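Colleague: So the sequences go chain by chain: A and B. For this note's numbering, count along the first sequence from 1 and bump the result up by 76. For this note's numbering, count along the second sequence from 1 and bump the result up by 6.
Hints are computed from structural coordinates only; laboratory data are not their basis. From a predicted model like this one, the values you see are computed outputs, not experimental measurements. Treat each hint with caution, since some may be false.
Claimed, not checked - One-sided and incomplete, this derived list gives chain A residues near chain B with beta-carbon spacing under 8 Å: (1) C229; (2) S258; (3) D265; (4) G357; (5) P419; (6) R420; (7) N451; (8) E490; (9) F505; (10) L516; (11) A518.
Virtual Cβ for every residue (Gly too), placed ideally from N, Cα, C.
Listed below, chain by chain, are the residues.
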Amino acid sequence: MEKNRTLKRLQEIVGAPNVLWKDVDLAVFEYDAGLNKEIPGFVVFTRTAEEVAQVVKFLHREGISYVARGSGTNLSGGTIPLNRGVVIELSRMNRILEIDVLNERAIIEPGVYNLTLQNTLAPLGYYYAPDPASQKVSTLGGNFGENAGGPHCLKYGVTSNHILGAEFVWPNGEMGWVGGKSLDAPGPDLLGLLVGSEGTLGIATKIMVRILRSPERVLTLLAIFSSLEDAGKTVSDIIGEGILPATLEIMDNLVIRAVEESVHAGYPTDAEAVLIIELDGLSDGMDEQAEKILEICRRNGVISTRRAKDAGERAELWAGRRGAFGAVARLRPSYLVCDGTVPRTRLPEALSAVKQVAQKYKLPIGNVFHAGDGNLHPLILFDDRNAEEMERVHQAGMEILKICADLDGTISGEHGIGTEKLKGMPLVFRGADLEMMRSLKAAIDPKGVCNPGKVIPQA
Amino acid sequence: MTPDTDLPSSLPDESGNASPGVWGLQSLGVEVQQVEKPAGEREAREILTRAFQGRRTVFPCGGGTSLSTGMLPQRVDLALDTTGMDKVVNFDPLNLNLEVSAGMTLDQINGFLAGQEKRFFLPLDPPWSSRATIGGAYAANSSGPMRLRYGALRDLVLGVRGVDSRGREIAFGGKTVKNVSGYDLTKFLIGSAGSLCLVTSVTIRVYPWPDASSLCDLVFGTLEELEKFLAALRSSVLLPSAVVVTDLAGGPGVSDSAGIRFRVMIGFEGHALAVERQKRDLLKLAGEFGGLGGARTGRDMMLDGIRSAVTPVSGWRDPLFLKISVPVVQGPRTFVALRRLIHDHGLLGKTTLDGANGVMWLYAEAVHEKTALNLVKDLLNLVPAGQGYVAPILAHRNLLQSWGARVETSLHQLAFQPLKERIDPTGVFPPIL
Chain A
77 MEKNRTLKRL QEIVGAPNVL WKDVDLAVFE YDAGLNKEIP GFVVFTRTAE EVAQVVKFLH
137 REGISYVARG SGTNLSGGTI PLNRGVVIEL SRMNRILEID VLNERAIIEP GVYNLTLQNT
197 LAPLGYYYAP DPASQKVSTL GGNFGENAGG PHCLKYGVTS NHILGAEFVW PNGEMGWVGG
257 KSLDAPGPDL LGLLVGSEGT LGIATKIMVR ILRSPERVLT LLAIFSSLED AGKTVSDIIG
317 EGILPATLEI MDNLVIRAVE ESVHAGYPTD AEAVLIIELD GLSDGMDEQA EKILEICRRN
377 GVISTRRAKD AGERAELWAG RRGAFGAVAR LRPSYLVCDG TVPRTRLPEA LSAVKQVAQK
437 YKLPIGNVFH AGDGNLHPLI LFDDRNAEEM ERVHQAGMEI LKICADLDGT ISGEHGIGTE
497 KLKGMPLVFR GADLEMMRSL KAAIDPKGVC NPGKVIPQA
Chain B
7 MTPDTDLPSS LPDESGNASP GVWGLQSLGV EVQQVEKPAG EREAREILTR AFQGRRTVFP
67 CGGGTSLSTG MLPQRVDLAL DTTGMDKVVN FDPLNLNLEV SAGMTLDQIN GFLAGQEKRF
127 FLPLDPPWSS RATIGGAYAA NSSGPMRLRY GALRDLVLGV RGVDSRGREI AFGGKTVKNV
187 SGYDLTKFLI GSAGSLCLVT SVTIRVYPWP DASSLCDLVF GTLEELEKFL AALRSSVLLP
247 SAVVVTDLAG GPGVSDSAGI RFRVMIGFEG HALAVERQKR DLLKLAGEFG GLGGARTGRD
307 MMLDGIRSAV TPVSGWRDPL FLKISVPVVQ GPRTFVALRR LIHDHGLLGK TTLDGANGVM
367 WLYAEAVHEK TALNLVKDLL NLVPAGQGYV APILAHRNLL QSWGARVETS LHQLAFQPLK
427 ERIDPTGVFP PIL
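Construct all of the structure, not just a fragment, from the sequences and the given hints.
Modeller: Quick look at the structure:
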């Protein structure tokens, strides 16, 4: 279809001011938090589910590809529009539509920030468990598409475990609900498939989440170690003891120093590793559990420990962890976040192998990770203006994915495959597995217009 | 529903029947031509490869406790009995996961975990855990009341291995809790009722044996008191593992809520201090709403209490076993309405409410076809589409034929049917919902 006619029709649906078409405007949407860039054909800002459905129906009919986008915080190129596809921008659909405390459910639009929902629920004594580090800016629609994780997923599970329903616009523009307030919809777990499908099977226009009663007490500990291995061993020992904290997060020295320069969280800059441990739940028995944890830390050679005395101190300890990605950006112009996951007892092996990758490719690699669930985040620092260095970064990234796959893990724990990890998919799936995924995509999106070129490598 | 054929009229004991699932399939009106019972994945692959090449239809079945969650065809060429695949494939206690073959029952799994030096458990407690296999629970999306604390089956499963319709090995997920590599087929295949593949093994999360466990056993005299108590419990900071509601009317259903006294069993687990405090607080809370009762300590006591509430006590004679799901607030009133319907239709039956999740199980036996159909019609009026689900777990094929669409037509057309056609093009496995 001729470009001008496409523009005209899109403007008819959402209004002329809500369609971007000039190259200078489009350039803002050519990248996300990953490495790849592709300029879109148009950017369409939708305000209602019906507008999304109309836009999708039109694009589907014309065979024009499209991708839904929220804040673009995803780290795998999932929201990059390939082949000059249309970006459907959902950030203006940002209303919290219902908070049903009695049924412990909330319904929100996809453009609501994760933290906005948390802040709305907190005064009611409730919270939403998944808390990606990007929660200040990442939208719940994006969290849905990527099946976002976060520090508290160790105890409470990832986004998929907390989504109960969604109003969904299918790739052909038809719209309907999947799931809802009642549990156990008959048939295959379609919602489980859609969450984390990276916007390749349709677009969620309303999302129903489970909300949880805020815990009676939260206790946050910081443990300082002289080696990353000791910190990792402590994590395994805590879980092995039968204690399930809300979070177990580790940062290595490179990240600690970056964080201190940026956020001043109070971490000792000569430490090789800091471990943040958080317990939540009932007050009764919590001090005893904390004492048990401290004993495990001592057994593993902890240098010192700190206990947050109040909410302010807790926020300070967390500010460092949440600001870690931003802080390392001060060290080099760019970074690549790897996201492999291994069974937690294999963390020491994985970390040691990542160190060797850093030496082999002569690249600085920092580590900040969700240790409790074995989710590594090696941050490879580089200068994207240096083509030769970029090549080494890609090779190092792929090698880290292979390390995780070889250790009984997987290539992405929470950031998704997007375009950046497509080549890694054969490391964890065989031919028949990938073929079944392709069959799913082809069945739901036979024209291949809905965020094509992501998640599954071509046959 | 009384079948026309000369089928056994009661459940054979576990030692007396090598294939309870196959027997169940036949008793629900499915004509079975041949039975195969593979001992492992390789054998299963060979069977399915032959079936694909010979264009034969295959129906996978395990303990036969949820055979009607999917579609029951009139005839299958081959019933594939998975109960021969009953091995622990891999146990990783430090990473708290376990891979088991599909035919292992939930009780066998928990027996294995409890027998370890440092004890563990799998918090999956659907009805008939002594016969329900992990593969069957996965295929039928079966969970029990402990989903309140530990999550449902979909929250516990980390990975799945199976065989596709062409006889090829497939595997999704793995051993890690976080995993977003590719489409989440591990979740999607849950509830697919054998219509898309044969499940050969499942990797699941397991938990360390808790320090302490306790079961509070309460009685409430009116529906209003029960509702207020459950609402207060939900908004409290207490963290029960399970909340189950049965009634003390006994025998036939009662005609109105005034005749019911409600028995509420609430399990607590965890640190001994936390369990003790919760038990105390709960009894106090119950007292504020007219609840009377006490608490018993011990893990077996707690698990047995919950298990006995969700599992039908009787045998298996022309069974009708349904799952009804509504928003949690509507649970108690729907539960009372179910009791009334059982009474109105003159049935013997048992109903149980998972009081924290809005899920109910209704079991009746010796149900005639017409009665079953009328009951289902009334249930579908009570819980109309969009406000909850009424789903068969065990029901005769004739009833399923008259049931109508069990998933929304648009979902069937947009997703399920096209998926089925691509994944199982020759129709080796039973039809999809």
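Colleague: Taking the closest Cβ pair, is G357(A) under 8 Å from chain B?
Modeller: holds (6 Å)
Colleague: Hint C229(A) vs chain B: min CB-CB distance below 8 Å?
Modeller: Status holds, d = 6 Å.
Colleague: Against chain B, run the beta carbon of P419(A) and see if the smallest gap drops under 8 Å.
Modeller: holds (4 Å)
Colleague: Quick check on the hint: F505(A) CB to chain B CB, less than 8 Å?
Modeller: At 6 Å from the nearest chain B Cβ, F505(A) passes the 8 Å test, so the hint holds.
Colleague: E490(A) was flagged as interface toward chain B. Is the shortest Cβ-Cβ separation under 8 Å?
Modeller: With Cβ-Cβ at 5 Å, under 8 Å, it holds.
Colleague: Would you check whether N451(A) satisfies its interface hint, that is, whether its CB is within less than 8 Å of any CB in chain B?
Modeller: Holds. Min distance 5 Å.
Colleague: Interface hint check: R420(A), Cβ to nearest Cβ on chain B, cutoff 8 Å. Holds or violated?
Modeller: Since the shortest Cβ distance to chain B is 6 Å, the answer is holds.
Colleague: Tell me if A518(A) is really an interface residue toward chain B, meaning its C-beta lies closer than 8 Å to one of theirs.
Modeller: holds (6 Å)
Colleague: Closer than 8 Å between Cβ atoms is the bar; does D265(A) clear it against chain B? Give me holds or violated.
Modeller: holds (4 Å)
Colleague: For the hint on S258(A), just tell me whether its beta-carbon gets within less than 8 Å of chain B.
Modeller: holds (4 Å)
Colleague: Return the status of the interface hint for L516(A): holds when the least beta-carbon distance to chain B is below 8 Å, violated otherwise.
Modeller: holds (6 Å)
In this structure, every one of the numbered hints holds.
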